Every structure is written in C-alpha cells, then in structure tokens.
Amino acid sequence: MSATHTEDHQQHPIGIYFKIWILLFVISTLSYMVDYLEFQGYLRWSLILIFMILKAGLIVSVFMHMMWERLALIYAILLPPLCLFVLIGLMSIEADYTFLMRFIYFDIS
Amino acid sequence: MNSSVQHDSPEQGLRGAVDDWSSDQDAFKKVPWGKAMMWIFLLSDTFIFTSFLTGYMTVRMSTTVDWPIPSEVFALTVFGVHVPLLLIALMTFILITSSGTMAMAVNYGYRRDRNKTFWLMMATCFCGVCFVGMQAIEWTKLIEEGVRPWTNPMGAAQFGASFFMITGFHGLHVSIGVIYLAIVAFKVRRGDYEKKGNYEIVEIAGLYWHFVDLVWVFIFALFYLW
Chain D
1 MSATHTEDHQ QHPIGIYFKI WILLFVISTL SYMVDYLEFQ GYLRWSLILI
51 FMILKAGLIV SVFMHMMWER LALIYAILLP PLCLFVLIGL MSIEADYTFL
101 MRFIYFDIS
Chain P
1 MNSSVQHDSP EQGLRGAVDD WSSDQDAFKK VPWGKAMMWI FLLSDTFIFT
51 SFLTGYMTVR MSTTVDWPIP SEVFALTVFG VHVPLLLIAL MTFILITSSG
101 TMAMAVNYGY RRDRNKTFWL MMATCFCGVC FVGMQAIEWT KLIEEGVRPW
151 TNPMGAAQFG ASFFMITGFH GLHVSIGVIY LAIVAFKVRR GDYEKKGNYE
201 IVEIAGLYWH FVDLVWVFIF ALFYLW
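For the protein sequence lines, the chains are D and P, in the order given. Read in order, the letters of the first sequence correspond to residues 1 to 109 in the working numbering. Read in order, the letters of the second sequence correspond to residues 1 to 226 in the working numbering.
Don't read these hints as lab results, they were simulated from the structure. Just so you know, nobody snuck in bad clues.
Facing chain D, according to a computed beta carbon distance under 8 Å, are these residues of chain P, among others:
| no. | residue |
| --- | --- |
| 1 | Ser71 |
| 2 | Gly100 |
| 3 | Ala103 |
| 4 | Leu214 |
| 5 | Val217 |
| 6 | Leu225 |
It should be emphasised that the depicted structure is a prediction, and the values quoted were computed from it without experimental measurement. Even for Gly, the Cβ is constructed at its ideal location relative to N, Cα and C.
Full structure from sequences and hints, please.
Printed below as a string of structure tokens:
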C-alpha cells in the first residue's frame with residue numbers, strides 16, 4: 001500500500017511548488033495593497049475575501065496534496081466545516097441584536 | 001482475517017461494539033492511517049479556530065465603541081517612513097516561504113533525499129522561529145501601549161481580548177510545529193525511516209505545518225486587514 005503511495009507522490013515535479021509559492025506571494029502582496037491603497041467599504045471586503053479564499057484554496061489543494069487525494073477523504077475533511085457557516089450566521093444575528101440593545105439602553109453620547 | 005465468522009454471528013454488547021469498530025473496513029483507500037488521523041485532527045482544529053474567529057466577529061459587531069484601525073495599530077516607522085501593517089506583511093511572507101520549503105521537503109522525502117529533506121525542514125523551522133520572534137515583538141509593542149485582554153486605550157476593549165486570544169493560540173501552534181518538525185527532521189537525518197523506506201511521516205508533519213499557514217491566511221484577512 002505504502003509503496004504505491006510513494007510512487008504516486010514522486011510523480012509531482014518540484015516546479016509546481018515553486019509556482020504555487022510565487023503565486024501565494026503575489027496574492028499576499030495584492031491583499032496587502034488593499035490596505036496600503038486604503039480601499040474602503042464593499043470593495044475592500046470583497047477583495048480581502050477573494051484573496052483569502054484563493055490563498056486558502058491553493059494551500060489546501062497543492063501544498064496539502066488535497067487535489068491528489070481520493071474523493072472519500074476530500075468529502076470527509078472539507079464538508080464538515082460547512083456547518084460552521086450556521087454558527088457564523090447565528091452569531092452575526094445575535095451580534096446585531098446585542099448592538100441594538102446596547103444602542104438603545106447604554107448611555108452613548 | 002476471519003471476518004466472515006464475525007459477520008455470521010456478531011457479538012452482542014460492548015464486545016460487539018469493539019468488534020464492529022475494529023473490523024477490517026477501510027474507508028480511506030491508499031491513505032495511511034497517520035495521514036487520515038492528522039487530517040481529522042486538523043478538521044477539529046478548524047472548528048477551534050473558526051470558533052475563535054466567530055467570537056471575534058461577534059464582539060466586533062456588537063461593540064458600540066469604535067474598533068481600533070489595525071493598519072494604524074500595527075504600523076511601523078522605518079527610516080522615517082510610516083508604513084502601515086509592515087510587520088504583519090513580513091510575517092505573512094515568512095510563513096508562506098516556510099510553507100514552500102516544507103512542501104519541497106515532503107517531495108524530497110519521497111525521493112529519499114535525506115540531506116535535502118533535512119535542510120529544507122530546518123529552513124522551515126527557522127522561518128517558524130522568525131515568525132514567533134516577530135510575534136513576540138508585536139505583543140511587546142502592544143503591551144507597552146497598554147493593550148490588555150480586558151482594556152485597550154485605542155478603542156473597544158474587546159480588541160485586546162480578540163488579539164491576544166487569536167494570535168496567541170496561533171503562535172502556540174507555530175511553536176509546537178517548530179518542535180515537531182525539528183524532531184522529524186533529525187529522525188530523517190539519522191536514517192530512522194530508511195529501513196522501511198517510508199517517508200509518509202514527513203508529509204504528515206507537513207500537513208500540520210501547512211495548516212498553521214492556512215490559519216494565518218484567515219487571521220491576516222479577517223483580523224488585520226478587515
């Protein structure tokens with residue numbers, strides 16, 4: 001089992017890691033530029049999220065070899081975190097409510 | 001081996017539960033157990049860090065006091081030039097570099113090039129130590145400015161709590177990763193894995209390291225840039 005596995009991995013040329021490395025550098029520079037050029041509002045937030053997802057995708061798929069794994073493992077690892085969006089959604093509703101209560105009842109001057 | 005016997009007359013009770021869980025079933029074909037287990041650990045760690053980041057989102061959305069502007073808080077003045085977020089950008093590049101060297105170490109491990117694997121892993125460790133060192137500088141700077149987990153002179157008190165909690169937990173992961181990688185690197189150099197010719201352990205250690213980099217991507221975007 002391990003022998004075939006080893007052979008699978010020897011097939012990736014080292015160059016792909018260099019390319020992804022450079023790509024990650026470029027995307028990081030771009031996301032830094034978002035701050036440096038002081039983009040604001042929805043443009044800023046959407047750019048930050050796009051660059052974040054691109055970087056995360058490259059790291060998981062290439063550096064962590066996810067793109068060469070079998071679908072059983074990919075699903076087992078990548079699907080469960082999706083339920084975290086429920087937590088994020090609930091907590092953002094809760095945070096809005098707390099903010100509203102504080103706004104009404106705190107003495108904000 | 002005698003799985004047919006087990007299936008014909010399955011045991012009852014606790015014994016049966018143990019038998020069922022330990023029967024020869026293999027969901028992750030061609031994936032060594034160590035790697036599957038590391039992935040499952042990383043999945044649990046994903047939940048931990050997402051909980052932290054969600055907590056940060058909640059306190060930031062619900063505070064009525066102004067949130068400090070991160071690019072101002074973490075700005076540095078170098079040779080009289082005011083550069084926003086400089087230290088954080090450097091930390092990001094260092095961590096990406098360490099991820100790159102680690103990916104190559106895994107590749108050379110599978111090629112059984114022990115020397116290159118060892119030195120690439122050492123380079124990864126060095127980057128990790130630099131990262132933690134820069135984080136220590138950053139913490140010192142903020143603590144000197146009076147930021148504490150319960151208060152913050154620049155605005156919302158929750159900023160301090162989120163900052164120390166999230167970056168502290170991430171820094172702890174980096175520190176543990178450096179120790180872990182150093183141990184594996186020395187075992188590679190000593191030839192511990194030569195007998196079996198199995199360098200999967202390098203890949204498993206690498207998975208942990210890449211995850212630490214992955215978490216930083218989210219912290220960088222959501223805490224420092226937002």
